[in-house]
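Can you make the complete structure from the sequences, with help from the hints?
So for the sequence shown, the numbering used here puts the first residue at 1; every next one is plus one.
Quick caveat, the hints were computed from the structure, so don't treat them as lab data.
Think of the CB as a built atom: it goes at the ideal place given N, C-alpha and C, for glycine as much as any other residue.
Possibly wrong hints are sitting among the right ones.
[Stated by the list, open to error] Distance condition first, Cα-Cα at most 27 angstroms in a straight line; then the derived DSSO-like pairs of lysine-lysine:
#1 Lys134 with Lys270
#2 Lys93 with Lys64
#3 Lys87 with Lys153
#4 Lys134 with Lys153
[Stated by the list, open to error] Quick list of simulated restraints, FRET-style, between CB atoms:
#5 Tyr178 with Ser278: 22 to 30 angstroms
#6 Val182 with Glu91: 13 to 21 angstroms
#7 Ala150 with Ala271: 15 to 23 angstroms
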Amino acid sequence: MIGTLSSSSIKVGQLTLGDGNPFFLIAGPCVIESEAHALMMAGTLARIAADAGIPYIFKASYDKANRSSVSSFRGPGLTEGLRILGKIKSELKLPILTDIHEPSHATPAAEVADILQIPAFLARQTDLLVAAGKTGRIINIKKPQFVSPADMKNAVEKVASTGNTNIILTERGSSFGYQNLVVDFRGIPQMKKFGYPVVFDATHSVQLPGGQGHASGGQPEFIEPLARAAVAAGVDGLFIETHDNPAKALSDGANALPLAQLPALLARMKALSTLVRSWSTS
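If you want it as structure tokens, here you go:
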């Protein structure tokens, strides 16, 4: 028998994530570019996911505090960004994920977002993890490029110390020299041993950090091969940054999946996930 390690389940709205529940999708643009664009992307993505029969969570950042250049676009900021995310949540009835960079943002962000994301660069920041955990929201911790899968136990324990065990772990590649990442797929079953849902970030894993000097580059042609490997390794869901026009995206367009390619990719990922999950019960 070929099996995959199970993870505990987490409820987000009407969705149940992990523990053999349906393979799910977290997707959206890197950053909120405008209210109109965010609403358009959320509505389009919701329809694509529904057509594929895949549970869906909308993601977008209100502030990208970790851009390569001081002059790079960061987003509309906390107040305006949360207003836009709140509108998407109320009008489209979608669960919302957004990342936070400061402990003081945890409480206001939690008033809107169902999932608070800890960026990979900040996953060792104790105050941020504890503040996020105290909100009681689901906390998605991105595995830092410089941290082993086994050492993610420390990040998990910081959140869990608040009494909050609604945790997701996300693999997004590891540093491989300068301006390059590599994915060690052994990390997926290793992190699943902690008992939480594990997600694969298929778009940041093809990023070339700082590869354009003033911004990160990317190799989006490898998004699907890596996603296939992650699904085969037993992830509970995929994280995909996507854009209707990556060349014009205001953040991380170089590694974003063109929106037009998403329906076919999801169809193939769902078929593969169904096959992999059948092995674990045969």
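**Item:** Given hint Lys270 paired with Lys134 - CA-CA distance at most 27 angstroms
**Value:** violated (34 angstroms)
Given the hint of 15 to 23 angstroms, check if Ala150 and Ala271 actually sit that far apart at their C-beta atoms.
Given about 32 angstroms between the Cβ atoms, the range is violated.
Check the hint pairing Lys87 with Lys153 against an upper bound of 27 angstroms on the C-alpha distance. Distance ~35 angstroms between Lys87 and Lys153 Cα, so the pair is violated.
Task: Pairwise beta carbon distance, Val182 to Glu91, judged against the given window 13 to 21 angstroms - done: violated (40 angstroms)
Legend entry - Outcome for the supplied range 22 to 30 angstroms, where the beta carbon pair is Tyr178 and Ser278: Since Tyr178 and Ser278 have Cβ atoms about 42 angstroms apart, the given range 22 to 30 angstroms is violated.
message = Just to be careful, I want the Cα atoms of Lys134 and Lys153 compared with a cutoff of 27 angstroms; is the pair within it?
response = holds (18 angstroms)
**Given hint Lys64 paired with Lys93 - CA-CA distance at most 27 angstroms** = Answer holds: Lys93 to Lys64 is near 25 angstroms, not above 27 angstroms.
In this structure, the earlier hints numbered 1, 3, 5, 6, 7 are contradicted, and the remaining ones agree with it.
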